[in-house]
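Line order of the protein sequences matches chains G and L. Numbering follows our numbering, with no gaps: position 136 of the first sequence is 136. Numbering follows our numbering, with no gaps: position 50 of the second sequence is 50.
A couple of the hints might just be wrong.
Here are the simulated SDA-like cross-link-like pairs (lysine to any residue), alpha carbons at most 25 angstroms apart as the crow flies [to be verified]:
id: 1; chain 1: L; residue 1: K95; chain 2: L; residue 2: A258
id: 2; chain 1: L; residue 1: K8; chain 2: G; residue 2: P249
id: 3; chain 1: G; residue 1: K8; chain 2: L; residue 2: R18
id: 4; chain 1: L; residue 1: K276; chain 2: G; residue 2: K145
id: 5; chain 1: L; residue 1: K8; chain 2: G; residue 2: L3
id: 6; chain 1: L; residue 1: K8; chain 2: G; residue 2: K145
id: 7; chain 1: L; residue 1: K95; chain 2: G; residue 2: C148
id: 8; chain 1: L; residue 1: K276; chain 2: G; residue 2: P251
id: 9; chain 1: G; residue 1: K8; chain 2: L; residue 2: A56
id: 10; chain 1: G; residue 1: K201; chain 2: L; residue 2: R253
id: 11; chain 1: L; residue 1: K276; chain 2: G; residue 2: K201
id: 12; chain 1: G; residue 1: K145; chain 2: G; residue 2: E164
id: 13; chain 1: L; residue 1: K180; chain 2: L; residue 2: V133
id: 14; chain 1: L; residue 1: K8; chain 2: G; residue 2: A56
id: 15; chain 1: L; residue 1: K145; chain 2: L; residue 2: F30
These aren't lab readings, by the way, just hints derived from the structure by calculation.
As a plain string of letters, each chain reads:
2 protein chains.
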Amino acid sequence: MELWYTEKQTENLAFSCRITRTLHRERTPFQDLAVVDTVQYGRMLILDGMVQTTVADEFIYHEMITHVALFTHPNPERVLVIGGGDGGTIREVVKHQKVKEAVLAEIDRRVVEVSREFLPEISCGLDDPRVTVLYADGIKHVQEKKGCYDVIIIDSTEPVGPAEGLFSREFYQAVAEALKPDGLMVAQTESPFVNADLIRKVTASIGEMFPVMRLYLASIPTYPSGLWSFTVGSKKYDPLAVRFEGELPFPTRYYTPALHHASFVLPAFVQELVAKK
Amino acid sequence: MELWYTEKQTENLAFSCRITRTLHRERTPFQDLAVVDTVQYGRMLILDGMVQTTVADEFIYHEMITHVALFTHPNPERVLVIGGGDGGTIREVVKHQKVKEAVLAEIDRRVVEVSREFLPEISCGLDDPRVTVLYADGIKHVQEKKGCYDVIIIDSTEPVGPAEGLFSREFYQAVAEALKPDGLMVAQTESPFVNADLIRKVTASIGEMFPVMRLYLASIPTYPSGLWSFTVGSKKYDPLAVRFEGELPFPTRYYTPALHHASFVLPAFVQELVAKK
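Produce the entire structure from the sequences given, and follow the hints as far as they go.
Right, dumping it as structure tokens:
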């Protein structure tokens, strides 16, 4: 018997993984949530029919959304993660000893609970004593905070469903206000091959709100096209100006000091998508 | 009605594109050859059930397999392309004005003929007066040449079927002998996610044959995992030592001088696959 999970990444493109079984499936108040066990990539978290993370390749997304920002800020004491209920980003955040408080604002409690049950190697960082998990709408949370965070990481799902508002100009303005005067944000901003218009719009919006705006890339095999973008908005610190001394304070599997810089070197067609500063 | 092309990229992973129709299909003496029209990526060349190139993303593979090598060699007058019957690599090679002779050694005449008919935007470079097309086994061709070429580009299919011998230690030795004393080679060497063992083996073999061995990466959405590797073996010139002055002499869509260098900056897990020099 063959069992396959198939995701229609676009109307015209599909990605399929052979699975051994579904470990969990439910309809939460916010979305369809599933965990399946794939042969190629291990356990996979799926929200509304889209791969969020897999045990085999999650290190790439979580290292790259976290460490670029946290090594750019010289003193990232207070960090907010919006979305990211699987806990992978928090796990990377708490590797930074300078972090005193890490807040996770996840709208869907079931994502956290199911990740704790089925993806312990990803969710384990949620048990760090510096972590506070809020089951809250990230948009409302940042609207209520002013000058509060050093770093805000927007670890959202696709720009449809519950995450749609996390790609809006108004949201980035609220994020800017929730940051301290030298704070910075980073957001996952989809694939340059599949979501070129979104990257144009988001880099323009973030560029309006922040004096420093930079796009960088990472290769994530379970996401559409395999090439993924992240956008930094920073009030003061430029990720391109970071200088590393010696080795990183903890081991990594994707991110390195040299790759920090190389990930901002964009292919010509991607450079053309990025709003001019 | 929905028509889909599905490729099993591994036993446990499949990639599917919606198509409007098959434009061509035949069994050549060497392989199964097809051209289909996909909605997402335009016309697609398929050999033995594996995507070789598409009109939408071919520029990445062809620019990256060609320009890194041809800008590394200061005077690439004589260039050999092994495989690459679609003509895309040759099209990029002849953009370099220093090239006086470009030889294509393609074992399967039908790949060239079908590409000329259905993929004119890719095969067009084959009409350049500096180009010679040989319908020949690339392995035999390099065995017969000694100190002949400045650059040899191994633009092969997967390491199964007709291309299997193009990943062997003996072949790289013959390539080294077919190069001039300051020549260099580059080969497509598959995905670090899917073909880690092949990368270990190939970088070790090329590292044995050449004083300079370097692996670099590019993002190609229609290839397994979306991340692709290329390996350079060079007798003298190091691609990391290249310095660019001013703009490139022709427009590109992926390759840039900065990306030339950034593409050699490897994620930590890929660096671990590469044989030590």
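Status of each hint after checking the structure:
1. Simply put, K95 (chain L) and A258 (chain L) have alpha-carbon atoms about 19 angstroms apart, close enough for the 25 angstroms limit, and the pair holds.
2. In summary, the hint linking K8 (chain L) to P249 (chain G) is not supported, as the alpha carbons are separated by about 40 angstroms, beyond the 25 angstroms threshold.
3. Distance restraint check for K8 (chain G) and R18 (chain L): the Cα-Cα separation of roughly 10 angstroms lies within the 25 angstroms cut-off, and the hinted pair is therefore satisfied.
4. Taking the CA atoms of K276 (chain L) and K145 (chain G), the gap is near 50 angstroms; set against the 25 angstroms cutoff, the hint is violated.
5. Distance restraint check for K8 (chain L) and L3 (chain G): the Cα-Cα separation of roughly 14 angstroms lies within the 25 angstroms cut-off, and the hinted pair is therefore satisfied.
6. Among the hinted pairs, K8 (chain L) with K145 (chain G) is inconsistent with the structure: their alpha-carbon atoms are about 49 angstroms apart, more than 25 angstroms.
7. With a CA separation close to 54 angstroms, the supplied pair K95 (chain L) and C148 (chain G) exceeds the 25 angstroms bound.
8. Among the hinted pairs, K276 (chain L) with P251 (chain G) is consistent with the structure: their alpha-carbon atoms are about 20 angstroms apart, no more than 25 angstroms.
9. With a CA separation close to 19 angstroms, the supplied pair K8 (chain G) and A56 (chain L) stays within the 25 angstroms bound.
10. With a C-alpha separation of about 21 angstroms, the suggested pair K201 (chain G) and R253 (chain L) falls inside the 25 angstroms cut-off, and the hint holds.
11. Between K276 (chain L) and K201 (chain G) the CA atoms are separated by roughly 43 angstroms; this puts the pair beyond 25 angstroms, and the hint is violated.
12. Our distance criterion of 25 angstroms between C-alpha atoms is met by K145 (chain G) and E164 (chain G), whose separation comes to about 21 angstroms.
13. Proposed proximity of K180 (chain L) and V133 (chain L) is supported: the alpha carbons are some 21 angstroms apart, at most 25 angstroms.
14. For the suggested pair K8 (chain L) and A56 (chain G), the alpha carbons sit about 19 angstroms apart, so the restraint of at most 25 angstroms is met.
15. A distance of roughly 24 angstroms separates the Cα atoms of K145 (chain L) and F30 (chain L); the hinted pair therefore holds under the 25 angstroms criterion.
Hints 2, 4, 6, 7 and 11 from the list above are not met by this structure, while the remaining hints are.
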